[in-house]
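Got two chains here, each in a separate frame; can you build the complex from them with the hints?
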Amino acid sequence: MASKIVPKKTPMRERPPQERVKSFKEVPFGYSPEEAITEAKRCLQCKKPTCIPGCPVEIDIPGFIKFIAEGDFAGSIKCLKEKNVLPAVCGRVCPQEDQCEKLCVLTKKFEPVAVGRLERFAADWEATQGESPIPELPKSTGKRTAVIGAGPGGLTVAGDLSRVGHAVTIFEALHKPGGVLVYGIPEFRLPKSTIYREVDYLIRCGVELKLDFVVGKTATIDQLLKDFDAVYIGTGAGLPWFMNIPGENLNGIYSANEYLTRANLMKAYLFPEYDTPIVRGKRVAVIGGGNVAMDCARTALRLGADEVRIVYRRSRKEMPARDEEIHHGEEEGIIFEFLTLPVKYVGDEYSWVKEMECLRMKLGEPDASGRRRPVPIEGSNYITAVDTAVCAIGQSPNPLIPQTTPDLKIGKWGNIEADEKTGKTSKKGCWAGGDVVRGGATVILAMGDARVAARSIDEYLKTGVW
Amino acid sequence: MYKVLKREKIVPNIHLLVIESDAIYKNAQAGEFVVVRADERGERIPLNLVDWDKNSVSMMFMEIGTSTRKFAALKAGDEIATLVGPLGKPTEMTKGKKILCLGGCYGIGALYPVIRAFKEQDNTVVTAIEARSAYLLYWQEKLKKYSDEFYEITRDGTQGLQGHINDFLQEYLRTNAVDLVYVQGCTYLTYLSSETTRPYGIKTIVGLNPIMVDATGMCGVCRVIINGETKFGCVDGPEFDGHQVDWENLLSRRKIYLKEEVYSLSFYECEKYG
Ligand SMILES: Cc1cc2nc3c(=O)[nH]c(=O)nc-3n(C[C@H](O)[C@H](O)[C@H](O)COP(=O)(O)OP(=O)(O)OC[C@H]3O[C@@H](n4cnc5c(N)ncnc54)[C@H](O)[C@@H]3O)c2cc1C
Ligand SMILES: Cc1cc2nc3c(=O)[nH]c(=O)nc-3n(C[C@H](O)[C@H](O)[C@H](O)COP(=O)(O)OP(=O)(O)OC[C@H]3O[C@@H](n4cnc5c(N)ncnc54)[C@H](O)[C@@H]3O)c2cc1C
Ligand code: SF4
Ligand code: FES
Chain A
440 MASKIVPKKT PMRERPPQER VKSFKEVPFG YSPEEAITEA KRCLQCKKPT
490 CIPGCPVEID IPGFIKFIAE GDFAGSIKCL KEKNVLPAVC GRVCPQEDQC
540 EKLCVLTKKF EPVAVGRLER FAADWEATQG ESPIPELPKS TGKRTAVIGA
590 GPGGLTVAGD LSRVGHAVTI FEALHKPGGV LVYGIPEFRL PKSTIYREVD
640 YLIRCGVELK LDFVVGKTAT IDQLLKDFDA VYIGTGAGLP WFMNIPGENL
690 NGIYSANEYL TRANLMKAYL FPEYDTPIVR GKRVAVIGGG NVAMDCARTA
740 LRLGADEVRI VYRRSRKEMP ARDEEIHHGE EEGIIFEFLT LPVKYVGDEY
790 SWVKEMECLR MKLGEPDASG RRRPVPIEGS NYITAVDTAV CAIGQSPNPL
840 IPQTTPDLKI GKWGNIEADE KTGKTSKKGC WAGGDVVRGG ATVILAMGDA
890 RVAARSIDEY LKTGVW
Chain Z
24 MYKVLKREKI VPNIHLLVIE SDAIYKNAQA GEFVVVRADE RGERIPLNLV
74 DWDKNSVSMM FMEIGTSTRK FAALKAGDEI ATLVGPLGKP TEMTKGKKIL
124 CLGGCYGIGA LYPVIRAFKE QDNTVVTAIE ARSAYLLYWQ EKLKKYSDEF
174 YEITRDGTQG LQGHINDFLQ EYLRTNAVDL VYVQGCTYLT YLSSETTRPY
224 GIKTIVGLNP IMVDATGMCG VCRVIINGET KFGCVDGPEF DGHQVDWENL
274 LSRRKIYLKE EVYSLSFYEC EKYG
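From first to last, the protein sequence lines are chains A and Z. For the first sequence, this note's numbering assigns the number 440 to the initial residue and increments by one for each residue that follows. For the second sequence, this note's numbering assigns the number 24 to the initial residue and increments by one for each residue that follows.
Please keep in mind that the hints were generated in silico from the structure rather than gathered at the bench. It is possible that some hints are incorrect.
[Said to hold, decoys possible] Chain A is faced by these chain Z residues, among others (derived, beta-carbon under 10 Å):
hint: 1; residue: K49
hint: 2; residue: E55
hint: 3; residue: R60
hint: 4; residue: R64
hint: 5; residue: L110
hint: 6; residue: G111
hint: 7; residue: M241
hint: 8; residue: G243
hint: 9; residue: V244
hint: 10; residue: T253
hint: 11; residue: V258
hint: 12; residue: E271
hint: 13; residue: S275
hint: 14; residue: K278
hint: 15; residue: I279
hint: 16; residue: Y286
[As the list claims (entries may be wrong)] Label-pair distances were calculated between CB atoms; the ranges are:
hint: 17; chain 1: Z; residue 1: K112; chain 2: A; residue 2: L709; range: 30 to 38 Å
hint: 18; chain 1: Z; residue 1: K120; chain 2: A; residue 2: K860; range: 48 to 56 Å
hint: 19; chain 1: A; residue 1: I822; chain 2: Z; residue 2: E218; range: 32 to 40 Å
hint: 20; chain 1: A; residue 1: E453; chain 2: Z; residue 2: G100; range: 42 to 50 Å
hint: 21; chain 1: Z; residue 1: K120; chain 2: A; residue 2: G743; range: 51 to 59 Å
hint: 22; chain 1: A; residue 1: E453; chain 2: Z; residue 2: N78; range: 47 to 55 Å
hint: 23; chain 1: A; residue 1: C644; chain 2: Z; residue 2: K295; range: 39 to 47 Å
hint: 24; chain 1: A; residue 1: Y635; chain 2: Z; residue 2: A200; range: 56 to 64 Å
hint: 25; chain 1: A; residue 1: K860; chain 2: Z; residue 2: C209; range: 49 to 57 Å
Quick reminder that beta carbons are idealized off the backbone N, C-alpha and C, glycines included.
If we strip away everything but chain Z, and leave its shape as in the complex, we get (with noise of 0.2 Å):
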């Protein structure tokens, strides 16, 4: 079992979860995750570390299915049955680059210890990140200490440049010379980000998201496909180069378990609400 020190609500429906761990921080580096599992009955997920140190892990999760619900009850004290890692590749590293970082939604947190990274390598950080309104960004001052330009981008346009994200990504590279764009968040953002980079030909890197059970490699229930080829993304990722991703396969691969998971959810509702 192992410790909750901290479960806060950083904006609606996104948490801060700090867990007890003097194993993880050793060899855990930029762009790896770990595997959660609430309790004893309760599934394996992955989550990208947003921090760590000698005596814990963080990571930020969105709430949207029974076991982020679960994540989402805890409170300091309480235990979690499963915490394991580092996981995954890490980021691969540059030096001396200049490159654009994008994060939506969970992705902002898990930008964090990325963009740290590429800065202690003496990469010149161009940080945006974007929520529909102003209340679901978070992390800014965070993050604008490892940053050299950042931008907060709505939709609504309650904060920072009113729009998606593509489109601060057109203006940004018609005008800017980029080396890599660097993404984190969900299918959509990764997406999207991706297919505006790729008339420009710039090389984009993404965290990709797909279902995972063990995350060591033994079930292959992660697999994507690169470049016409079928990678686990537990080990041989989680981040790909975006251009050579097959994302309608991603897309109707997270899709497998839409109905239990709906079912999931209510079903853990009716068990704890009556």
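Isolated chain A, as found in the complex (with noise of 0.2 Å):
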């Protein structure tokens, strides 16, 4: 039997790094129906599958595949939307080096099935198909919930509450929904088109959607309380961190934020075309190391800068930005400062940064999170040249609802307190999920709190009991 199987993924054709880094385009293709097939046919369809356990939202990853070796997309979409409403995000973004396909039975001797790729490409078939049909939906059981925040999380708890029935309004702060996935991860990893696709059709199966609209300021919770029977708060993880070192307050540093911020949701690569600015940078540093870095970075490359750095106080082996993530940054070109960590910037005449202090690392003992602690070599300072940094280290939950809402229990790091089995906060009616909760997390781990908080919503409306 082994010998039959193909040891490699099939590969996925991508934009030359050339090409890419001079637009916003999406950088990998997508499989051709034959080359989705062809991968499919490598899955075992094995009998206990050992991927299903490392997938949060438990797809049924052979069925799905099955389906797409058979040539049959529609059925494989179907499967997948049964337990995964955002299949053409997740495709895209999930880490599935470290879930589904690190489980792979595969990965012992070979590379794992793409179950990301061919996840991608059912969903991306299915946005040929013109809009996708609605289901019957139930009779209405009358009872009204809000949702806050319309990331993954809430859109995930919206299309769940509104299949069982119950009337769903989602509180959005932003004038756009989507969350992260809209503001944040930008048009060449996650093009925008699949998520409005998706909150259009919650949208035409009733969900109602009220965009500019700040919990906390707008209405409190207490406020929404008086109309709602529930209310689920998946409002991630938006307070950006600053590393509070001299100068960082000068002009061209910019919070992570701000930056994907006004490049993505102000399309700000589109200036003049669009009125919001964005400092075009020439010698770029982004401070960090993870996903939200190297998306930094990688925009900085495509805004047009000379050279982008990625500094990163830990090395390579510790960074926790994907794989694949690094391997599209170091082949366009990004600069890798392993073991540095900045600890000044100067500015020059007119307040704008023009140096960057910094320091080498060496790693010590493992620290809390496991990883070896950075510890700084002394008299290793050394200064260079920026005309931008982004700063990446890290945000933890906006204060805003924790600040107006005094009942709600909130943890050591301002994220609120729910528990693991039920999203159930410490105030009677409020669930909350996702990076609100547990920091800066994944997108679908934020997907399978609102999965497990929706049913235990369900269950309350339906009961009382909480």
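Dropping the structure here:
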């Protein structure tokens, strides 16, 4: 049997690096139907699939792949959507290498089945088939639910609750739905149209979407609870961290959120056709080592930088960014400076950043996260020229809701505390999940939390038992 | 989309904008602002609330760059793409104090809800508004209604006292006891007023206007240095103690996009007028 196995994944065609650094068009092209069928046939259709437990929303992985292998793409997307409302998104941004693909039986000897690429294929195929039909909706239960935040978590809860007959209103602070998928993750990695399509589907299913509504300001949670029977808080982790080092408020220094929001949500890369500007730096330093840092660095390249450096205090091995993203970044010419920590920015006479002082690090004992702690090498300071710096060292939940909801229990990092098994918070009628509970995590974990909470909300609305 | 109920030029370059909204008035308080965006390609910009009711919110804006130029071209019945609020912390209220309230340019409008609230809390309100010349002053009658004393200052002396606001401030503080000074307007006015009151040790609250994007605490572009500490203007402010503001930093951060703003405006005008 093993001799028949094709050892490597069917490759996915990509825009060549020289071409793609000049545009915001998506980098990988996705499989053709033939490529998808070829890849789908690599799956062994295990009786006891080891991949499924690796998926936070337990997609029937061999199930949807079998449909593709048989050329039944409609069957495949239907199977996917039973567990995942955003397959076009997850197929692109989930860290499959740490989830399903890591646990695929093939991984021991060969490359795993390309679960993510196949998921993306099925979803993209559906998008070419016109508007997806609306499922028959159950009779209204007469219950009203409010979902705060239109990120992947909020959208999932909204879908699940409307499917069982509860009325849903989503409240979103920004002028576009999608959360980080829209304001954070760039177009070249996740085309916005894939998200708007899913949001449009929810609206056609009867979900009401109220944009430009900041809960905590426009209305508080307690005010919402007068009109709604249950509230789900999926407001993400949108408060950017800075390093609090000298010179950080000089001109030309951005938080990752600002940089990406300008570029993505406000479309500053199309300035002046779009009104929002962004600094098109020539020597750009991005501080951090996660997906966020990679997205900023690759955005800076596309905005015309001559030199973009990722400055990370640990080594490549500890980088939390996905391998695929690091690989793409390397191909595009991003320079990686590992074991390096900025300690100070220096400005010119107009208060624009012109230099960054850094310190070299070495790895010491493992810290709480199990990764080796970086320790400074004394006297290793050096100065390097930069005209733009982007701080991508992390974020935590926005305090607006906690500040205006006194009976909501808040954890050490400003995160809302919620029960793992139900998503219930300390406040009756309020659930929470995704990044606002976990801190910066992943799309699929936010969706997993949402699913758990939706089930608990439905139960509460049916029984009235908290 | 949000319907424009009214857009009226009040004095040259300053316009009143009234937009339909049934959501914002419920929690709106003096000192708060909204974010507006003219159209799909527009920038998000903050404007102070100058009034609100069950059906609408009103803002007073000064025409300077592309965004405000777009707003100045609106007429009743048009629509704008974004309206969100109320945002920011409201003005901290006091009771039974004597408060000197200063306003210039759009800040004359922005003063209105604040002095109304101060007055409703039984404070003694002294209002002073300033402009280059008489024809740039506005809303005197509305402001007088909530003011115990009312002054106008023009640089050319065409109306009220002649001089700069700091001349008036110096003179007033020398001869009157005041508990609090409150200032709304451009950065130059808030800066100058704060420096003038500093030697008198009178607490001076200023409405700052750093550049903003989301205005919900998500991006950090609005950061200002207050008493040596970085704060976010949109959620920790926009009102701060003027004696604690790092003005140099604020003034330079306001200029980050100067080049782009000029370019944007000429691009807009070329598109519009050919
Ligand atoms: C640049 C970047 C790249 C990433 N890359 C990946 C990746 O490749 N793979 C991956 O799995 N994960 C990635 N992540 C993480 C992932 O995007 C998040 O974990 C996920 O989006 C969390 O979903 P959420 O629904 O909890 O919140 P969010 O997506 O953060 O959405 C929250 C929404 O709530 C709104 N909101 C906030 N406060 C309020 C309020 N008071 N009232 C109303 N609305 C409010 C926000 O505007 C936002 O729209 C990335 C994150 C970033 C920033
Ligand atoms: C909390 C807050 C409340 C505000 N309230 C109001 C308000 O009620 N009414 C109002 O008119 N404006 C208000 N502003 C300022 C307003 O947001 C800006 O004027 C607006 O963003 C300008 O956009 P623009 O595209 O027209 O001009 P831009 O193209 O962004 O700016 C053009 C040029 O004018 C300069 N400039 C911009 N704003 C000002 C200003 N206020 N004073 C002096 N120079 C400036 C810029 O630095 C730039 O050089 C407020 C700002 C904040 C942060
Ligand atoms: S473990 Fe791998 S081979 Fe087995 S069913 Fe899952 S994807 Fe297919
Ligand atoms: S405007 Fe973005 S954090 Fe204040």
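Cross-check of the supplied hints:
Taking 10 Å as the C-beta contact cut-off toward chain A, the hint placing Z:K49 at the interface holds, the least distance being around 7 Å. For Z:E55, the suggested interface contact is upheld, since its CB lies about 8 Å from the closest CB of chain A, less than 10 Å. Evaluation of the Z:R60 hint against chain A yields a held restraint, the C-beta minimum of about 6 Å falling below 10 Å. Among the interface hints, the one on Z:R64 holds; its C-beta lies about 5 Å from the nearest C-beta in chain A, closer than the 10 Å criterion.
At about 6 Å, the closest approach between the beta carbon of Z:L110 and any beta carbon in chain A falls short of 10 Å, and the interface hint on this residue holds. Because the smallest distance between the Cβ of Z:G111 and any Cβ of chain A comes to about 8 Å, under 10 Å, the interface hint for this residue holds. A least Cβ separation of about 4 Å between Z:M241 and chain A falls short of the 10 Å threshold, and the interface hint therefore holds. With a least beta-carbon distance of about 4 Å to chain A, the hint placing Z:G243 at the interface is held under the 10 Å criterion.
Because the closest C-beta pair between Z:V244 and chain A is about 5 Å apart, less than 10 Å, the hint holds. Taking 10 Å as the C-beta contact cut-off toward chain A, the hint placing Z:T253 at the interface holds, the least distance being around 6 Å. For Z:V258, the interface hint holds, since its Cβ comes within 10 Å of a Cβ in chain A; the closest pair sits about 7 Å apart. For Z:E271, the interface hint holds, the least distance from its beta-carbon to any beta-carbon of chain A being 8 Å, beneath 10 Å.
A hinted interface residue such as Z:S275 counts as satisfied when its beta carbon comes closer than 10 Å to some beta carbon of chain A; here the least separation is about 4 Å, so the hint holds. Hint status for Z:K278: holds, given a least beta-carbon distance of 7 Å to chain A, under 10 Å. Evaluation of the Z:I279 hint against chain A yields a held restraint, the C-beta minimum of about 5 Å falling below 10 Å. For Z:Y286, the suggested interface contact is upheld, since its CB lies about 6 Å from the closest CB of chain A, less than 10 Å.
Checked against the given bound of 30 to 38 Å, the beta carbons of Z:K112 and A:L709, roughly 34 Å apart, stay inside it. At roughly 53 Å, the beta carbons of Z:K120 and A:K860 sit within the given window of 48 to 56 Å. In this structure the supplied range 32 to 40 Å holds for A:I822 paired with Z:E218, their Cβ-Cβ distance being about 35 Å. Checked against the hint of 42 to 50 Å, the C-beta distance between A:E453 and Z:G100 comes to roughly 49 Å, which is consistent with it.
In this structure the supplied range 51 to 59 Å holds for Z:K120 paired with A:G743, their Cβ-Cβ distance being about 54 Å. Distance hint check for A:E453 and Z:N78: the Cβ-Cβ separation is about 53 Å, which falls inside the suggested range of 47 to 55 Å. The supplied range of 39 to 47 Å is met by A:C644 and Z:K295, whose beta-carbon atoms lie about 41 Å from each other. Distance hint for A:Y635 and Z:A200: a CB-CB separation of about 60 Å, consistent with the stated range 56 to 64 Å.
At about 55 Å, the beta-carbon gap between A:K860 and Z:C209 stays in the expected band of 49 to 57 Å.
Checked against the numbered hints above, the structure breaks none of them.
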